[in-house]
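**Q** Just need the whole structure built from these sequences, with the hints factored in.
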Amino acid sequence: MINITLNGKKLSVEEGMTILQVAQQERIDIPTLCYHPLLEPYAACRMCVVEVKGDSKSELKTSCNTKVQEGMVIETDSERTLNARRLNIELLMARAPAAKVIQEMAAQMGIEKTPFPIENPEAKCILCGMCVRVCEDVVGAHVLTFEERGFERKVTTAFNMPSEKCIECGACAYFCPTEAIRVEDFRGREVLHSELTLGPTTAIRIPFMQSTPNVPFIDKDNCIHFKTDKCKLCEMVCEPEAINHDVEDTFKEIEVGSAVLATGYELLDCSNMPQYGYGRLDNVITSLEFEHLCHASGPTGGKILLKDGREPKGVAILHCIGSRDENYMKYCSRVCCMYAMKMAHLVHEKVDAEVYEFYIDIRAFGKGYEEFYNRMQKEGTHFIRGKAAEVTNAALIPEEENKLIVRAEDTTVNMIRRIPVDLVILCPAIVARKDSEKIMKLFGLCSTPDGFFKEQHPKLGPVSTDADGIFLAGACQGPKDIPDTVAQGAGAAGAVMSLGDEVAIEPIFSAIDEEICVGCKICIGVCPYDAISYVEDKKISSIEETLCKGCGACVAACPSGAADQNCFTNSQIEAEVSGALF
Amino acid sequence: METNTFEPKIVGFLCRWCTYQGADLAGTSRMEYPPNLIPVRVMCSGRVDPSFVMQAYSEGADAVVIFGCHLGDCHYQEGNYKAMRRYHLLKKMIEELGIEPQRLQLEWVSASEGERYQKEVSRIFSEVRELGPLDLNNGKAQSNG
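Line by line, the protein sequences are chains V and P. Each residue of the first sequence is one higher than the last, beginning at 1 in our numbering. Each residue of the second sequence is one higher than the last, beginning at 1 in our numbering.
No wet-lab data here; the hints were simulated from the structure. None of the values given here were measured: they were computed from a predicted structure. Just so you know, not all the hints are guaranteed correct.
[As the list claims (entries may be wrong)] Restraint-style ranges between C-beta atoms, simulated for each label pair:
id, chain 1, residue 1, chain 2, residue 2, range
1, V, Asp221, P, Glu32, 50 to 56 Å
2, P, Pro133, V, Glu390, 54 to 60 Å
3, P, Thr3, V, Cys520, 23 to 29 Å
4, V, Glu255, P, Pro133, 56 to 62 Å
5, V, Glu545, P, Gly60, 34 to 40 Å
[Claimed, not checked] To list a few chain P residues with every Cβ distance to chain V over 10 Å, as calculated:
id, residue
6, Ile38
7, Val42
8, Met84
[To be verified] Straight-line Cα separation of at most 35 Å, DSBU-like style, residue types lysine-lysine; simulated pairs:
id, chain 1, residue 1, chain 2, residue 2
9, V, Lys521, P, Lys119
10, P, Lys119, V, Lys330
11, V, Lys441, V, Lys549
12, V, Lys521, P, Lys91
13, V, Lys313, V, Lys330
14, V, Lys549, P, Lys91
15, V, Lys67, V, Lys10
16, P, Lys92, V, Lys387
17, V, Lys113, V, Lys100
18, V, Lys252, V, Lys154
19, P, Lys119, V, Lys434
20, V, Lys441, V, Lys252
21, V, Lys67, V, Lys230
22, P, Lys92, V, Lys378
23, V, Lys441, P, Lys92
24, V, Lys441, P, Lys119
25, V, Lys313, V, Lys227
26, V, Lys403, V, Lys459
27, V, Lys438, P, Lys119
28, V, Lys549, P, Lys92
29, P, Lys9, V, Lys459
Glycine included, every Cβ here is placed at the ideal spot set by N, Cα and C.
**A** Below you can see the structure in the form of structure tokens.
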């Protein structure tokens, strides 16, 4: 420990601390511009000067990089210190007159104008080197550097050219104290409708508020560490040391007796339907994107905003986009009518806008659903019975200028209507996941014609499948709302629980008659399950009943008729054929 | 022209996992198809012993169809490949016996393809109706029984 005197107060502090660190610990304010606890001190801005008094003379020292020494006497607000800071800020004001932080700092010190000549009234950079240091030391991209000396000194890239090495991490802008470098300058920060993330985010984040487990994850595609092998700032600030960049994905094999598939669904890709302008026209979004936009943890904090930040005055909600459509999915996606009405309710609640629902039929089939539909009608939602044919931005009359126009046939009045709105929400079809075929292969399942997993029986076996011990829950079996999904999930869990410790096997298996078998081994070659082995001492083949799945391939292959299949014996099938032709 | 009113007898061997369920789906979906194909359920198309097919011909079937899962989709991994190999050999054999090769068919119908089952059965029915009855004794074919 080291004994020092700070502003007249005797302190005992740890060795190796800087004066600034001690002062911050003692809650003494020292102004800084180029200091950041995560970066090595650089002492460029000179704002943090303090007076260190010795026996004979006193010195001005930059507190950010001066380490405390035994017996030091430090004054952080002596007249000499304050004068030095004032002169310094006046010089900085002349160099970077447009920097807000400098103006505020000067105002705090009672300085309004700099006595020094201003060369460039737009200048913001104070050459503190934060950006250069971050780019070098933390990010490791080595893009930014200082050029020239003295008056000519400036921050730039190699040869003043846009750098290929820049990974667009934005760290330089984040650390810049004077906003001389801004993220907005190289990347727009508008609300992006085209991605589900709807706006800027960070490389380490909690995916969404209710995620399970509710902990942050590192987005490897965007994390600086995985681009330059450096940074790891999050590791430095995480006190419980919970972050480890070296952890790799691991694959574990777990032996289980049964499995419940709850792999969910996907939304139909609306960009393949050019008539609705998704991905082409601004402010055409899918229902899921609207849900994200509305959410309190969403990009707008739950406000319903257009891409340019305005509130919509008209909102169109288009039902059956790809559902009940001969060209896409023939089936009804089941949940859209109700969530579309819920979205209308949300719009009414949050903004003062007209809401139009374009529907084929309203299918309000559940408990309390019809009542909700009636309530929405009373709330003033316009229900237009007619599937929207097109969304366009081509205006025909002045009222349609700068609007999205939804064209639809209103079948209740038998006419084509054009309705100008600001925001269009598509309700895309619920479709089977792209990887569902892989999962079906893995578990030995089949699909129904719509691509969803096939249950054992549409009425009597809605939870189990043809594969023993594999159960279904939720939208992987077909479009389903939340109550139905919960019910099926509970049913699947119950089915698993009732399996018990012993598994019953099918009585259908093959057997070889020892008396007839000649030991030709043909059956061994055709068995896909290695259930047949050759018994050396008896010179015959023998089937292990528990391994046999009962396909009967060996029975059909057996030239001597020694093999036969329980429940499907040769004589039984022959009798069946005879019966069929009787 | 006289309308063909021949009602052929067709025996179909249906794999329990794919086609039998596809046929079931066709039924529960209330699809209509000729009732002339009588299904015989087997666990796998690979279970179909060629002797069953020959027995069917000898007992009066006008055609035999083997239905299985699509290649790669077999519940027993490769049973339908075994069926396919036997089918090609069997087809050559029946030709030598004087039975038209169209009287033996192999089709892949999955559990989700109720519509395909309906179409295939209808197609096979009209083809066999076109061929007329299988005459093993008085036609070109020589009966050995």
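**Q** Looking only at beta-carbon atoms, does the pair P:Pro133, V:Glu390 fall within the given range of 54 to 60 Å?
**A** 58 Å, holds
**Q** Starting from P:Lys119, check that the Cα of V:Lys330 is at most 35 Å away, please.
**A** 20 Å, holds
**Q** Quickly compare the C-alpha distance for V:Lys441 and V:Lys549 to 35 Å and report which way the hint goes.
**A** Between V:Lys441 and V:Lys549 the Cα gap is close to 17 Å, so the pair holds against 35 Å.
**Q** Need the status of pair V:Lys438, P:Lys119: alpha-carbon distance at most 35 Å?
**A** 28 Å, holds
**Q** Quick one, are V:Lys441 and V:Lys252 close enough, alpha carbons at most 35 Å?
**A** 20 Å, holds
**Q** Hint check: V:Lys67 vs V:Lys10, CA-CA at most 35 Å. Holds or violated?
**A** 17 Å, holds
**Q** Just to be sure I understand the hint, the distance between the Cβ atoms of V:Glu255 and P:Pro133 should be within 56 to 62 Å; is that true here?
**A** Between V:Glu255 and P:Pro133, where Cβ atoms are some 57 Å apart, the hint holds.
**Q** Between V:Lys549 and P:Lys91, is the straight-line Cα distance small enough, at 35 Å or below?
**A** 29 Å, holds
**Q** Holds or violated: are the alpha carbons of V:Lys549 and P:Lys92 at most 35 Å from each other?
**A** 31 Å, holds
**Q** Is it true that the C-beta distance of V:Asp221 to P:Glu32 lies inside 50 to 56 Å, as the hint says?
**A** 54 Å, holds
**Q** Checking a non-interface call: every C-beta of chain V should be farther than 10 Å from the C-beta of P:Val42. Is that right?
**A** 6 Å, violated
**Q** Is the hinted pair V:Lys403 and V:Lys459 satisfied, with a Cα-Cα distance of at most 35 Å?
**A** 48 Å, violated
The structure is inconsistent with the numbered hints 3, 6, 7, 9, 16, 18, 22, 25, 26, although it conforms to all the rest.
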